[in-house]
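Those sequence lines, one after another, are chains A and B. Going from the first sequence to the numbering used here is simple: count from 1 and add 83. Going from the second sequence to the numbering used here is simple: count from 1 and add 83.
Possibly wrong hints are sitting among the right ones.
Stated by the list, open to error - If you want the footprint, here are the derived chain A segments under chain B, 3+ residues with CB under 8 Å:
| no. | stretch |
| --- | --- |
| 1 | 130 to 136 |
| 2 | 141 to 149 |
| 3 | 288 to 298 |
| 4 | 426 to 437 |
Because the hints were derived from the structure by calculation, they are not lab data. Just so you know, even glycine gets a beta-carbon here, dropped at the ideal spot from N, CA and C.
Given next are the chains, with one letter for each unit.
Protein chains: 2
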Amino acid sequence: MKYGHFDDSKKEYVITSPKTPLPWINYLGCESFFSLISNTGGGYSFYKDAKLLRLTRYRYNNVPYDNNGRYFYIKDNGVTWNPGWQPTQTELDSYACRHGLGYTIFESSKNDLAASVTAFVPIGDNCEINKLTLKNNASTEKNIDIFSYIEFCLWNAVDDSSNFQRNLNTGEMEIEPGVIYHKTEYRERRNHYAVYAVNAPVAGFDTDRDTFLGAYRSPSDPEVVEKGAATNKIASGWSPCGSFQLKASLKPGEEVTYVFVLGYIENDKNDKWEALNVVNKKKAHEMLDRYKTTEQADAAFKALCDYWDNLLGKYTLETEDDKLCRMVNIWNQYQCMVTFNMSRSASYYESGMGRGMGFRDSSQDLLGFVHLIPDKARERIIDIASTQFEDGSAYHQYQPLTKTGNMDIGSGFNDDPLWLIAGTSAYIRETGDFSILDEMVPFDNKTELAKPLMEHLRRSFNFFDNAKGPHKLTLIGRADWNDCLNLNCFSDTPGESFQTTGPSEGPVAESVFIAGMYVKYGNEYADLCEHIGLNDEAGEVRAKLA
Amino acid sequence: MKYGHFDDSKKEYVITSPKTPLPWINYLGCESFFSLISNTGGGYSFYKDAKLLRLTRYRYNNVPYDNNGRYFYIKDNGVTWNPGWQPTQTELDSYACRHGLGYTIFESSKNDLAASVTAFVPIGDNCEINKLTLKNNASTEKNIDIFSYIEFCLWNAVDDSSNFQRNLNTGEMEIEPGVIYHKTEYRERRNHYAVYAVNAPVAGFDTDRDTFLGAYRSPSDPEVVEKGAATNKIASGWSPCGSFQLKASLKPGEEVTYVFVLGYIENDKNDKWEALNVVNKKKAHEMLDRYKTTEQADAAFKALCDYWDNLLGKYTLETEDDKLCRMVNIWNQYQCMVTFNMSRSASYYESGMGRGMGFRDSSQDLLGFVHLIPDKARERIIDIASTQFEDGSAYHQYQPLTKTGNMDIGSGFNDDPLWLIAGTSAYIRETGDFSILDEMVPFDNKTELAKPLMEHLRRSFNFFDNAKGPHKLTLIGRADWNDCLNLNCFSDTPGESFQTTGPSEGPVAESVFIAGMYVKYGNEYADLCEHIGLNDEAGEVRAKLA
Chain A
84 MKYGHFDDSK
94 KEYVITSPKT
104 PLPWINYLGC
114 ESFFSLISNT
124 GGGYSFYKDA
134 KLLRLTRYRY
144 NNVPYDNNGR
154 YFYIKDNGVT
164 WNPGWQPTQT
174 ELDSYACRHG
184 LGYTIFESSK
194 NDLAASVTAF
204 VPIGDNCEIN
214 KLTLKNNAST
224 EKNIDIFSYI
234 EFCLWNAVDD
244 SSNFQRNLNT
254 GEMEIEPGVI
264 YHKTEYRERR
274 NHYAVYAVNA
284 PVAGFDTDRD
294 TFLGAYRSPS
304 DPEVVEKGAA
314 TNKIASGWSP
324 CGSFQLKASL
334 KPGEEVTYVF
344 VLGYIENDKN
354 DKWEALNVVN
364 KKKAHEMLDR
374 YKTTEQADAA
384 FKALCDYWDN
394 LLGKYTLETE
404 DDKLCRMVNI
414 WNQYQCMVTF
424 NMSRSASYYE
434 SGMGRGMGFR
444 DSSQDLLGFV
454 HLIPDKARER
464 IIDIASTQFE
474 DGSAYHQYQP
484 LTKTGNMDIG
494 SGFNDDPLWL
504 IAGTSAYIRE
514 TGDFSILDEM
524 VPFDNKTELA
534 KPLMEHLRRS
544 FNFFDNAKGP
554 HKLTLIGRAD
564 WNDCLNLNCF
574 SDTPGESFQT
584 TGPSEGPVAE
594 SVFIAGMYVK
604 YGNEYADLCE
614 HIGLNDEAGE
624 VRAKLA
Chain B
84 MKYGHFDDSK
94 KEYVITSPKT
104 PLPWINYLGC
114 ESFFSLISNT
124 GGGYSFYKDA
134 KLLRLTRYRY
144 NNVPYDNNGR
154 YFYIKDNGVT
164 WNPGWQPTQT
174 ELDSYACRHG
184 LGYTIFESSK
194 NDLAASVTAF
204 VPIGDNCEIN
214 KLTLKNNAST
224 EKNIDIFSYI
234 EFCLWNAVDD
244 SSNFQRNLNT
254 GEMEIEPGVI
264 YHKTEYRERR
274 NHYAVYAVNA
284 PVAGFDTDRD
294 TFLGAYRSPS
304 DPEVVEKGAA
314 TNKIASGWSP
324 CGSFQLKASL
334 KPGEEVTYVF
344 VLGYIENDKN
354 DKWEALNVVN
364 KKKAHEMLDR
374 YKTTEQADAA
384 FKALCDYWDN
394 LLGKYTLETE
404 DDKLCRMVNI
414 WNQYQCMVTF
424 NMSRSASYYE
434 SGMGRGMGFR
444 DSSQDLLGFV
454 HLIPDKARER
464 IIDIASTQFE
474 DGSAYHQYQP
484 LTKTGNMDIG
494 SGFNDDPLWL
504 IAGTSAYIRE
514 TGDFSILDEM
524 VPFDNKTELA
534 KPLMEHLRRS
544 FNFFDNAKGP
554 HKLTLIGRAD
564 WNDCLNLNCF
574 SDTPGESFQT
584 TGPSEGPVAE
594 SVFIAGMYVK
604 YGNEYADLCE
614 HIGLNDEAGE
624 VRAKLA
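Construct the entire structure; sequences and hints are all you get.
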């Protein structure tokens with residue numbers, strides 16, 4: 084069974100059936116605003132941190148697969164369908180999903196009506212844009228109702244999916260013509276809100292999920308869509324959503340385009356309000372003004388494409404092997420950049436609720452993108468090193484929003500310190516920028532404990548002076564590179580974490596993998612010492628490794 | 084709109100439409116095995132602890148409402164329906180849901196086929212029984228396919244809904260004719276498994292959710308039901324489920340009854356296996372032998388009804404006001420018992436993931452059931468007091484499974500200590516059992532710190548010697564009785580808990596409510612002192628309160 088193919092000329096992967104065995108997803112966003120988007124329009128958006136600042140609600144491991152996304156219901160002559168097939172699952176006459184570099188395009192048709200949705204996060208802005216175009220290919224006029232739909236997450240994805248006693252009571256909205264503001268907790272503990280808008284006069288809106296869907300219904304058959312009339316209800320508590328109803332009359336051959344924006348707006352603490360309980364919308368209006376017209380949206384899309392062309396233009400392999408070129412020149416570099424952008428903090432398997440950025444992961448990922456974005460690689464090294472402890476060990480993960488170590492996971496993964504040497508060494512070999520070693524970097528995120536980065540590397544290496552086991556090999560701690568070698572798989576304590584060093588094996592278990600790293604990156608550390616004239620130290624290091 | 088009515092003669096609430104505005108639920112289980120069950124058959128089961136030992140998977144705040152439960156698909160002449168309406172939502176010819184004391188009965192019909200499901204947790208056993216009866220009321224023979232369906236939770240409800248990298252790879256099953264064993268993690272870190280069985284020859288079974296439902300489908304239209312043929316697939320990883328296919332041929336007027344059992348089995352650590360990687364099924368077989376026949380199931384149901392008749396017979400109010408009698412004699416006492424059984428640890432708003440049993444809640448709940456089950460009230464007081472700290476403060480919540488304080492929530496709710504006096508005092512006034520005050524009770528769950536319960540009460544009262552504010556009123560700490568008076572609603576720290584004492588108000592904020600408790604329960608404590616001859620101490624206490 085074939086579900087799609089590569090289109091190398093456009094640097095796209097084209098999926099030709101919505102019914103892939105599992106959702107096949109793309110990642111939108113290159114800076115601070117990110118979205119996951121599947122080949123049926125599923126997924127969610129977040130600002131910097133998939134756990135703490137999630138804009139839209141997604142349901143992992145749900146049935147049907149891949150519940151919730153940015154959906155458009157097209158109601159044409161009594162038939163309701165979606166350009167991405169889900170959630171109505173109405174059979175389409177044609178369907179294509181083009182996962183490109185930082186964007187995804189749907190091209191579908193039903194009963195001589197063609198729909199195209201271009202979804203992307205523009206460079207330099209904190210929003211996802213959905214450009215929807217409908218074209219009447221029939222020989223008679225069509226009168227169409229369009230309903231958009233997203234469901235808001237109440238920001239903290241963990242609370243959102245567990246603390247119902249609280250979160251069913253907190254939802255708050257504001258409305259302007261064609262603009263929905265989701266401002267839950269803005270008054271109490273947040274200086275940010277979400278804005279959802281369309282650049283055309285609307286026939287109505289909905290903001291209360293249960294009203295829009297109807298009792299015991301789902302996004303597969305919303306009651307409002309069935310009835311064909313938005314309710315203009317403003318949600319208070321329960322589950323806030325965003326939906327616009329638009330009406331289009333299209334003559335044969337005529338087309339219409341709408342630009343939808345889902346944005347994240349942060350206000351200065353002292354500038355939160357424009358009146359009592361009325362959020363300051365200045366920045367939201369400015370954002371929406373940037374995407375008021377199709378031309379503006381198209382220009383932003385072109386800027387995104389130029390950004391990727393430029394980035395991937397830095398390194399090009401030419402061979403006669405198309406598949407090798409495709410892998411090296413497009414998808415491997417793209418994947419490295421996505422990994423830089425969100426580490427492994429959110430995917431369709433990683434729920435975005437727990438881990439944040441990995442110390443180990445982010446360090447080793449550097450090797451894949453240092454040639455593309457050396458400046459950002461430098462910044463990343465310093466962020467990572469800032470979560471190291473004074474003894475050379477490190478928080479295993481840190482929250483991208485706060486850049487502080489994640490206490491829930493804690494430390495004790497003994498490969499971590501050596502990955503810092505690996506990443507820094509790779510950065511210097513690519514850039515020649517030895518000045519990074521003099522950069523003052525905090526320990527444990529405390530600026531008063533800052534030391535030059537070189538001192539961090541020194542402590543990474545020296546950490547193992549006191550972390551060797553009975554065979555003089557490096558201790559594994561909680562895990563080495565392979566998390567599946569988890570030492571605490573066996574436990575008698577209900578609810579005990581899988582990643583805690585057990586009292587029995589913990590103090591003696593050694594890792595051959597870390598020992599190999601110790602030698603490899605110990606030597607790279609010695610090389611760095613020699614390069615900056617610390618020949619004695621280099622000698623001592625190599626003596627330990629001998 | 085009227086959805087139901089009380090049936091006092093049967094001590095039931097009868098719901099006459101499945102489409103209640105929200106799910107209306109009942110609680111099954113009186114000892115260690117518990118289930119939530121809605122008026123459409125939704126809900127889930129757990130053993131002792133809704134977070135750590137959840138047997139079946141439930142999806143909170145999902146759409147359609149109330150996803151997952153114990154479902155029976157009845158396929159009769161091409162039409163598939165459920166006795167509880169969900170999940171197919173096929174319109175029924177008749178429907179009633181009877182929520183009784185510890186049981187729920189569905190009585191439905193469609194196309195002259197009548198179905199009845201009696202769901203209950205028997206006294207003295209760790210299982211939920213579903214007795215399904217089908218009767219052919221048509222004038223011709225019917226050939227019916229029945230498919231049952233549950234989805235297993237991988238025990239820890241938090242991991243189950245967040246750690247997909249791990250839990251999509253761990254599911255393990257074993258099969259016997261008519262019996263499905265869910266044994267995920269049994270080898271590594273558990274000595275318990277779930278068993279799901281039916282007391283009749285089966286036409287087939289399914290254990291892999293995605294196979295049973297089909298891709299992009301949901302319990303509303305399982306592919307296996309549509310095709311009419313179980314696949315006999317044994318799940319390995321992904322999402323284990325349990326489904327049996329049964330075939331029944333019913334002549335006009337004929338009926339058939341099946342007994343389904345979902346049970347929890349715990350084995351001795353040294354007796355886990357009957358062969359390599361084959362779980363020891365002895366206890367499971369013994370359990371299933373207890374519900375092999377309809378008569379056995381009926382006897383267990385009668386024992387449950389007798390249990391409740393006896394319990395509620397201890398106190399009976401007779402007045403001419405039916406509603407007052409109904410409230411006092413049936414539903415208020417029932418509710419108090421349910422609260423004793425599971426505190427507020429799991430409901431359709433409380434996700435069962437976080438809180439466990441509340442120190443405050445369980446103390447005050449005592450007042451409602453001490454006359455029904457004084458022995459268990461005594462045990463509960465000692466469990467609660469065991470989570471108190473030496474300074475008189477207490478863990479705000481504790482896990483029912485381990486009975487140890489919940490570190491995630493921690494302490495600092497200053498009303499807690501006084502509720503211990505309230506509960507103990509109420510227990511002694513009801514029972515006259517002063518011996519409880521001499522019971523040795525740990526502090527902080529550490530037996531080496533055990534002191535007589537009277538010393539716990541003393542420290543509860545004396546806690547406030549150092550916890551008064553600028554007006555000499557008691558400090559509120561993190562909250563008083565009203566959690567909504569939360570002091571930390573306003574926060575600048577991303578992801579900060581709602582229940583942490585802020586640095587600004589924390590040290591000075593006083594609670595008039597706790598001050599009232601201090602006087603009321605301080606005097607009750609002084610009364611206790613006098614009763615056991617501590618007149619000097621009683622005088623000192625009353626002096627502090629003057």
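Quiz item: Of the hints given before, which are not true for this structure?
Solution: Of the numbered hints, all hold.
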